[in-house]
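Line by line, the protein sequences are chains Z and L. The opening residue of the first sequence carries number 132 in my numbering; numbering runs sequentially from there. The opening residue of the second sequence carries number 132 in my numbering; numbering runs sequentially from there.
Keep in mind that the hints were calculated from the coordinates and are not lab data. All of these numbers come straight from a predicted model, not from anything done at the bench. Any given hint might turn out to be false.
In this list, chains with the same sequence are indistinguishable; a pair is considered to hold if it fits within one copy or across any two.
Stated by the list, open to error - Restricting the straight-line Cα-Cα distance to at most 27 angstroms, the calculated cross-link-like pairs of lysine-lysine (DSS-like) are:
1) 437 <-> 292
2) 505 <-> 521
3) 521 <-> 347
4) 241 <-> 398
5) 505 <-> 402
6) 470 <-> 233
7) 368 <-> 437
8) 470 <-> 521
9) 367 <-> 241
10) 181 <-> 505
Protein chains: 2
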Amino acid sequence: MRKILLSLIYSAALTTCLQAQNADSTFIRRIFDEALSNGKCYEDLRSLCKDVGARLAGSAQADMAVYWGFQKLQSYNFDSVYLQPIIVPHWDRGNRESAWIKFEDGSLHKIPITALGGSIGTHGIIEAEIAYFNTLEDLKKATRAEVEGKIVFINQPMNEKEIITFRAYGGCYAIRNSGAVEGSRKGALAVVIRSINLSHDDHPHTGGMTYEDDVKKIPSAAISTNDSEFIKANYKKQKMRLLLDMNCEMREPKPSHNVIAEIRGSKFPNKIITVGGHLDSWDIGEGAHDDGAGIVHSIEALRLLKTLGYRPKHTLRVVLFMNEENGNMGGTTYASWVKERGENHIVAIESDRGGFSPRGFDLDGNNQQLKFLKGFATLFEPYELYRFDKGFGGVDIMPLKEQFPGIALFGFVPDSQRYFDFHHAETDVFEAVNKRELELGAASIAALMFLIDAYYVEQSAVPPKKTSKKN
Amino acid sequence: MRKILLSLIYSAALTTCLQAQNADSTFIRRIFDEALSNGKCYEDLRSLCKDVGARLAGSAQADMAVYWGFQKLQSYNFDSVYLQPIIVPHWDRGNRESAWIKFEDGSLHKIPITALGGSIGTHGIIEAEIAYFNTLEDLKKATRAEVEGKIVFINQPMNEKEIITFRAYGGCYAIRNSGAVEGSRKGALAVVIRSINLSHDDHPHTGGMTYEDDVKKIPSAAISTNDSEFIKANYKKQKMRLLLDMNCEMREPKPSHNVIAEIRGSKFPNKIITVGGHLDSWDIGEGAHDDGAGIVHSIEALRLLKTLGYRPKHTLRVVLFMNEENGNMGGTTYASWVKERGENHIVAIESDRGGFSPRGFDLDGNNQQLKFLKGFATLFEPYELYRFDKGFGGVDIMPLKEQFPGIALFGFVPDSQRYFDFHHAETDVFEAVNKRELELGAASIAALMFLIDAYYVEQSAVPPKKTSKKN
Chain Z
132 MRKILLSLIY SAALTTCLQA QNADSTFIRR IFDEALSNGK CYEDLRSLCK DVGARLAGSA
192 QADMAVYWGF QKLQSYNFDS VYLQPIIVPH WDRGNRESAW IKFEDGSLHK IPITALGGSI
252 GTHGIIEAEI AYFNTLEDLK KATRAEVEGK IVFINQPMNE KEIITFRAYG GCYAIRNSGA
312 VEGSRKGALA VVIRSINLSH DDHPHTGGMT YEDDVKKIPS AAISTNDSEF IKANYKKQKM
372 RLLLDMNCEM REPKPSHNVI AEIRGSKFPN KIITVGGHLD SWDIGEGAHD DGAGIVHSIE
432 ALRLLKTLGY RPKHTLRVVL FMNEENGNMG GTTYASWVKE RGENHIVAIE SDRGGFSPRG
492 FDLDGNNQQL KFLKGFATLF EPYELYRFDK GFGGVDIMPL KEQFPGIALF GFVPDSQRYF
552 DFHHAETDVF EAVNKRELEL GAASIAALMF LIDAYYVEQS AVPPKKTSKK N
Chain L
132 MRKILLSLIY SAALTTCLQA QNADSTFIRR IFDEALSNGK CYEDLRSLCK DVGARLAGSA
192 QADMAVYWGF QKLQSYNFDS VYLQPIIVPH WDRGNRESAW IKFEDGSLHK IPITALGGSI
252 GTHGIIEAEI AYFNTLEDLK KATRAEVEGK IVFINQPMNE KEIITFRAYG GCYAIRNSGA
312 VEGSRKGALA VVIRSINLSH DDHPHTGGMT YEDDVKKIPS AAISTNDSEF IKANYKKQKM
372 RLLLDMNCEM REPKPSHNVI AEIRGSKFPN KIITVGGHLD SWDIGEGAHD DGAGIVHSIE
432 ALRLLKTLGY RPKHTLRVVL FMNEENGNMG GTTYASWVKE RGENHIVAIE SDRGGFSPRG
492 FDLDGNNQQL KFLKGFATLF EPYELYRFDK GFGGVDIMPL KEQFPGIALF GFVPDSQRYF
552 DFHHAETDVF EAVNKRELEL GAASIAALMF LIDAYYVEQS AVPPKKTSKK N
């Protein structure tokens, strides 16, 4: 009798479970249908790229981006839309940025160049012999005599054998961030790097660099991969000199804002599930993939759930973070601020890897959270998301980890093959984004938010652990 | 004692199995490394697209493509390279192809148009009122009075909700193939269709259409999705007329060739594993994704295995099929020919879905073969291939099924989101293909060929079954 009873209970539980799965799969199908048939994110991206454009923190365009984000979020009638004040660094590229290679016969060859974000200017044209290094490690091993009074060129390429291109980026990141410091330690006048991208093309790629207090600041810039290959092919045949002229400079910090909207939770209004990307971009191109895509993904994810009449249990919040690219003041200020307000952040999702075809989600969290994520694999399979594994969440949401130990951070993972063709370059424009690929990303994120809201059980807090910041 | 013995045997077997898996994974890693570091397929594609260009069967460029393929395969020093003579239809677009919308006030609006492959010309300008239909089914239901003496326009869009875009293509294919016949049955003067693509743009997409013997031939063409939307928005407000001028025509069949190369098998030289794509393309654009990508994928797959010193047990053959687009004479002739030669084809692989990021492989075969394919899933996972399922092999290799019942047909599956932006249109050019995505596809196919050669056990032949041909 007991056996029969148990078996009845089991089969009832199984039926309920299957019904839930069916209902979930139906609702997720509705999310994708709405995104693909009536999606707003592609037009939103066009508007952000074309009506606002490049928007480096501290610039007038960044102010316009805040205005744009506020208006846009208001237009979707979420429960509340507000600004969170922050202070951001203000680096300005100036209006002079040129470079020439000078050959032994005195002839000049002009090449496109981009100052690295944070670099000081050259204060007029500087000219020196090129000190060529294949890698940052080679520069570190060089003698002072090999470097002093020269312009260092580091020609370290991304490793094309890495399948996930972000891993190759990780392997090159230091040449951009620390090249100037390492060159300056040995008396270099400036440091120029090979652009961090995988394709052989003519576009220099910018990105953040840092100085150290006890090391003299010298200018730093990037040239294209094609010009890097040209120097490599010729520097042993004859002495080549480089002329640089840049009037970029760091100015006084400026006020700016994160832009926030939310749908209030019906059951746990003080437990927050956040989704976001970064509203700022570098100041060349249009910041379409980096991170216009993440911005419109996040807005669209919330809009999709609202449009379909979903009433969340937890508060669903979209945050358009300011200043990810050169300071992460949006992310760090947000994390402290919400902690002070006594909110509880249980999950955060970030989209900051471009608007390409969805592949899955990375989790920065524990095994239990990974099991939770992998539990939805079959629901995502019809949409061709297969990759659910431990990995990186996102730069903007990373500081939440210090404030909310036990929080699960999810990073949206699109296909990564083309990302670095556009990253921080003038090629990162609206036209480089495919409408369907963008829409599928927004729907994937909305589906994950829905599943988290419906099923996520908060982890018990573990003792806080200091995590290193990644910029 | 027996238990211990068995357990020793098991653990020895397990060790061997694990060692095999490790050796396989190492060799596959070498395939991907070679493709990504020293790959030839991107330059091969550039050359096919730029030095040969569009190459419709019967055209001078198609002859050049045969020449190109022969030279290219010879340059890689395979064991043998040869041509297989075939006869192909020869349709020619001519040099007149224009269309105008005429409004009630007599004003004209010129729109880009493309004749559908196989269509007759208009023999001068024809002009008639537009008979608008949302779908082919609506046209079939229409009365003769609604159609007679008019130019039918069928505005059936691809279903944007399909995640795999080829499914949406399948749902629209008939409007292009049979639109003219259905219109002609009711007395239409010509049939114009909405281009079969998912994006809203200004490029008409061509593609094959057919006539029926007992139905009068009328001209058939496609206009862009944007112009289709324009007509849809306006045709109820005022009567719109269409003017068409096309001097395309079907000419006499011409001789052409499939181009073939192989590495002879060391153990089963008469058992063939074929890989191929189609060398012909439509006559607009450069046939980069369709199917230049498949051609260079196939060549590169064989080159990768040869370069890495792999000695296959079975004969590995690459076939550059001619005339997939408008007749499939390459595929059908090849299948009969190899059967007559007494060869045994055990597996064929086709790449004809573009040069995008690899997603997996489709199998046209039985459950046992599917189990075989899925058995390699973990070996493909590091390269982000996750989709291994039953599906379509390819148009060119399809006829092999009739000749070799039990053959396993594999279709390479790249990401499908962007494919129809380029398909059969002037946008399908070399620049639309990403180097890494292309290289990853070639490596994926080479890896599958290697695994098949190493592990595939031929299926017992099942009685021949007539299969329907898909063009």
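Cross-check of the supplied hints:
1. 437 <-> 292: between (42 angstroms within a copy, 20 angstroms between copies)
2. 505 <-> 521: Cα proximity of residue 505 and residue 521: in one copy and across copies (11 angstroms, 24 angstroms).
3. 521 <-> 347: Answer is neither: 39 angstroms inside a copy and 63 angstroms across each miss the 27 angstroms cutoff.
4. 241 <-> 398: neither (63 angstroms within a copy, 59 angstroms between copies)
5. 505 <-> 402: Within. Shortest intra-copy distance 23 angstroms satisfies the 27 angstroms Cα cut-off; inter-copy 42 angstroms does not.
6. 470 <-> 233: neither (56 angstroms within a copy, 66 angstroms between copies)
7. 368 <-> 437: Classified as neither: same-chain Cα gap 64 angstroms, cross-chain 36 angstroms, threshold 27 angstroms.
8. 470 <-> 521: For residue 470 and residue 521, the Cα distance is within 27 angstroms only inside one copy (25 angstroms; across copies 51 angstroms).
9. 367 <-> 241: This pair counts as within: shortest intra-copy Cα distance 20 angstroms, inter-copy 58 angstroms.
10. 181 <-> 505: Neither: 38 angstroms inside a chain and 46 angstroms across chains, both beyond 27 angstroms.
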